[in-house]
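Residue numbers (numbering that gives the first Met the number 0), protein chains in the order written: chain U, 0 to 447; chain H, 0 to 46.
In short, the hints are calculated from the structure, not lab data.
Don't be surprised by glycine CBs; every beta carbon is placed ideally from N, CA and C.
Honestly, I wouldn't trust all of these hints.
As the list claims (entries may be wrong) - Simulated restraints on C-beta separations: (1) H:Glu23 x U:Gly374: 16 to 24 angstroms; (2) H:Glu23 x U:Asn244: 13 to 21 angstroms; (3) U:Lys8 x H:Glu23: 35 to 43 angstroms; (4) H:Glu23 x U:Asp121: 28 to 36 angstroms; (5) U:Arg302 x H:Val6: 25 to 33 angstroms; (6) H:Lys18 x U:Gln290: 39 to 47 angstroms; (7) U:Asp365 x H:Cys21: 28 to 36 angstroms.
Unchecked claim - Taking lysine-lysine and the BS3-like style, the derived pairs with C-alpha atoms no more than 30 angstroms apart in a straight line are: (8) U:Lys386 x H:Lys22; (9) H:Lys18 x U:Lys386; (10) U:Lys55 x H:Lys18; (11) U:Lys35 x H:Lys2; (12) U:Lys8 x H:Lys5; (13) U:Lys198 x U:Lys174.
The lines below spell out each chain.
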Amino acid sequence: MHVFKFGGKSLALDPITGTLLEVDDLAGDVLKLWTKLKPEEIIAALSVRYAACDVKQALSEAEDLAAAGLLDAVMPPEPISTDERVGQVKALCLHVAHDCNLRCRYCFAGSGDFGLERSLMDAATGRAAVDFLLRSARTRRHLEVDFFGGEPLLNFSVVRDIVIYGEEQAAQRDKVIRFTLTTNATLLDDAVIDFLNDKQIAVVLSLDGREVVNDRMRPLASGAGSYGAVSQAIQKFVASRAGKNYYVRGTYTAYNLDFAADVMHLYDLGLRELSIEPVVGGAGESYALRQHHLAVLRKEYERLADFYVTKQDEGDPFNFFHFNLATYDGPCFGKRVSGCGAGCDYLAVTPDGDLYPCHQFVGQKDFAMGSVATGITATGLVSRFSKANLYRKPECLRCWAKFFCSGGCHAQSYHSNGTLLQPDALHCELQRKRIELALGISALRSVQ
Amino acid sequence: MNKHIKVIAVGTIKSTAQKEACKECQTSCQSACKTSCTVGNQVCQNR
Chain U
0 MHVFKFGGKS LALDPITGTL LEVDDLAGDV LKLWTKLKPE EIIAALSVRY AACDVKQALS
60 EAEDLAAAGL LDAVMPPEPI STDERVGQVK ALCLHVAHDC NLRCRYCFAG SGDFGLERSL
120 MDAATGRAAV DFLLRSARTR RHLEVDFFGG EPLLNFSVVR DIVIYGEEQA AQRDKVIRFT
180 LTTNATLLDD AVIDFLNDKQ IAVVLSLDGR EVVNDRMRPL ASGAGSYGAV SQAIQKFVAS
240 RAGKNYYVRG TYTAYNLDFA ADVMHLYDLG LRELSIEPVV GGAGESYALR QHHLAVLRKE
300 YERLADFYVT KQDEGDPFNF FHFNLATYDG PCFGKRVSGC GAGCDYLAVT PDGDLYPCHQ
360 FVGQKDFAMG SVATGITATG LVSRFSKANL YRKPECLRCW AKFFCSGGCH AQSYHSNGTL
420 LQPDALHCEL QRKRIELALG ISALRSVQ
Chain H
0 MNKHIKVIAV GTIKSTAQKE ACKECQTSCQ SACKTSCTVG NQVCQNR
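Isolated chain H, as found in the complex (with noise of 0.2 angstroms):
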């Protein structure tokens, strides 16, 4: 049991960057005069 830190939740970005990307998610348009969806909001399409 940790005393100083406790994990929230676990990243999964670095591990994700061994494969190459399936490129079958939602386009995740980021400009704030249309949708303005930051990659962080999506989900992945394969889960």
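With the rest of the complex left out, here is chain U (with noise of 0.2 angstroms):
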């Protein structure tokens, strides 16, 4: 059981059932024990604070969510080997653009061309990637395309001659594509805006916040600034589609710690689905994030948390992406363990119709999958994945949070660590916090 504080309360989360209690300091202890020692062993340990009556009131409470179903011990056997899911890909990431107009300094992409030749996706292999996704999906009906890059607007032609194809094709085998769009939103002009908005395509937008905190890291291939034109853009875009459908992405580095302020900032320019990451890699570089950073970084997601439900009881709130948490009607176990599906489910297409596990692994040859032309053709791959599940990740089986983070990014564990098994502990800290701070605001409504 995991014990926390949040707003001067006692919060037990379950980690195998998910159940989350409010408790107070003697049952917070009695739970901590609870699935370590025997009940007499319990009470003895705690004979020094608490009466044993008392304890045993607790226990017996305990014991009665235990026989409801509500609190359990026991992990569920891992699921059946996933090997059959081979082939059967359900969500791209489209690379139409390997090139990018801004030359954002901590970007992951080796500013936007992932370290091959800049390049454009042509509309022939677009239309490829869409009859191997609609091919590959095999029975599964929803499916994803995201057009990414570099910036995706950069190829704004392909981008419209894909969509109206993959729906035509999609309509024809009973299938539903879902399109979603990441732009820098410098190439938001109206022709733009309107076939976005008719397609009902979800976007995500980046922006880093306050405008000296933005133009550090995210400056134009000129040199300038972007924070101007592209906050303006997003907020015309927002406007345009009455506030639904996007999202307003943020990265924050050591040289921004005090990232609350950036959501606040994107807040009063009326944006009100908002997401701020923690800046991936720059390993020995001086915006990178580091475990010296941890202590005030929590701090500043407890601030992001009391900004969150003050505009919350204010009557204007906004979506803060991770205080989201799905705590009632969340995804199934089978979900939960498997995680994002890269590699398996979800796979990066280069615009020259190449395939890799995720747009993180994109022109390591070590990953190269196979092409839409061709399909999957490193099927090891396919099974390394899969198996990278919970169960094989050992400090994840001992994280109170593995059902809720599903074991990270694989991408990450690996350019961390060498292996996909082993998780990136310092973003497993801040997934900690988060999701500490999401049960919290959760429980908070809950009483309200």
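Each chain sits in its own coordinate frame; assemble them with the hints.
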């Protein structure tokens, strides 16, 4: 049981069932020991602080919850081997542009080219990718295509062609493709906006918050700051779709450990669907996040949670992606074990049509998986990724947050530790903090 | 009425372990460089 504080209350999460409890100090201490010691041992261990009759009462309450299936100490068995998923692709990250008109200093994609030549996907390759997805999905009905880059709107004509073609082809097979597009918002002209709205394409818009923060890390290719044009374009775009179906996504680095101020800034711009993420990688760079930043970052997430709750109370709430935990109607166990699906359910496609496990592996020869023309040829990689589930990650098995986090990002694990099976320690700490706050917010709302 | 423990939310994680995942829910890229979606953010496609 994971016992923690939020808003002056003690909360306890059963990691196995996901049941969330509010507890007093006694029950919190009992639950910490509940799966580790026998009842008489718990009574003895807590005898200095509490009367035995009170401990017995709390134990009895916990046993009643366990009898009702709300608490459980035993992990379900690992789901059956997932090798049969070979070829059952559900989602593609389409790199329609390996080029970008920004020069973000933290870009993991090497300013858009992913270490490859700057290039754009042609329409034929895009259509072949759609064909590959529909062919590979087999019985799956709900499919996804994310237009990514680089900057995908550098290749808008192909984006448009792929969407129209994808809709037609999916409808013929009684399938549905959800399209998303991740953009730096510099190329959102009226024609693009009209198309994205008409096709109800979900859009992720990149802006890091305050002007000085954004422009330090996200200059234009010319070197000038991007904040002015981008913030105006985002506001115009969000208004054009009545504030629906978008996310503004920022990155924070060691330069803005006070990132809650950037979320507040985005809020002040009238934006209500927000996410800000810790920078990835950058080992050796001054902007990189390090273990010694953790204490400050935890406090900053707490400050952000306070702001989040305050705005809810004031009747003008916003969504912060990591606080929107689906405590009650979240995904099933199988999904929580398998995680993102990179390398099996989810693949990235380069402008030339080559397949990789996800966008973060693009350009790494050891992770080349085939092409949209040939299909998946590296079936060993599919097996490797599909088996890299929670049950194969010793640190995850020990973690209370495992069924909320699902084991983290494969690419980050690999790039940090050289294996898919050992998550990045710093990002685990941040994940746990965000999940605690999300659970706390959900408990607060439940009580109200 | 419990004296020491109050149930805030009933978890469904283990109870859903008995049936196979339908695999229709949204893909959850967990990379912080992209959408950083934890599975915990997602709702079940079948509810």
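Here's how the hints hold up against the structure:
| no. | hint | in the structure |
| --- | --- | --- |
| 1 | H:Glu23 x U:Gly374: 16 to 24 angstroms | 22 angstroms, holds |
| 2 | H:Glu23 x U:Asn244: 13 to 21 angstroms | 20 angstroms, holds |
| 3 | U:Lys8 x H:Glu23: 35 to 43 angstroms | 36 angstroms, holds |
| 4 | H:Glu23 x U:Asp121: 28 to 36 angstroms | 31 angstroms, holds |
| 5 | U:Arg302 x H:Val6: 25 to 33 angstroms | 29 angstroms, holds |
| 6 | H:Lys18 x U:Gln290: 39 to 47 angstroms | 41 angstroms, holds |
| 7 | U:Asp365 x H:Cys21: 28 to 36 angstroms | 32 angstroms, holds |
| 8 | U:Lys386 x H:Lys22 | 16 angstroms, holds |
| 9 | H:Lys18 x U:Lys386 | 19 angstroms, holds |
| 10 | U:Lys55 x H:Lys18 | 36 angstroms, violated |
| 11 | U:Lys35 x H:Lys2 | 23 angstroms, holds |
| 12 | U:Lys8 x H:Lys5 | 12 angstroms, holds |
| 13 | U:Lys198 x U:Lys174 | 16 angstroms, holds |
In this structure, the one hint that does not hold is number 10.
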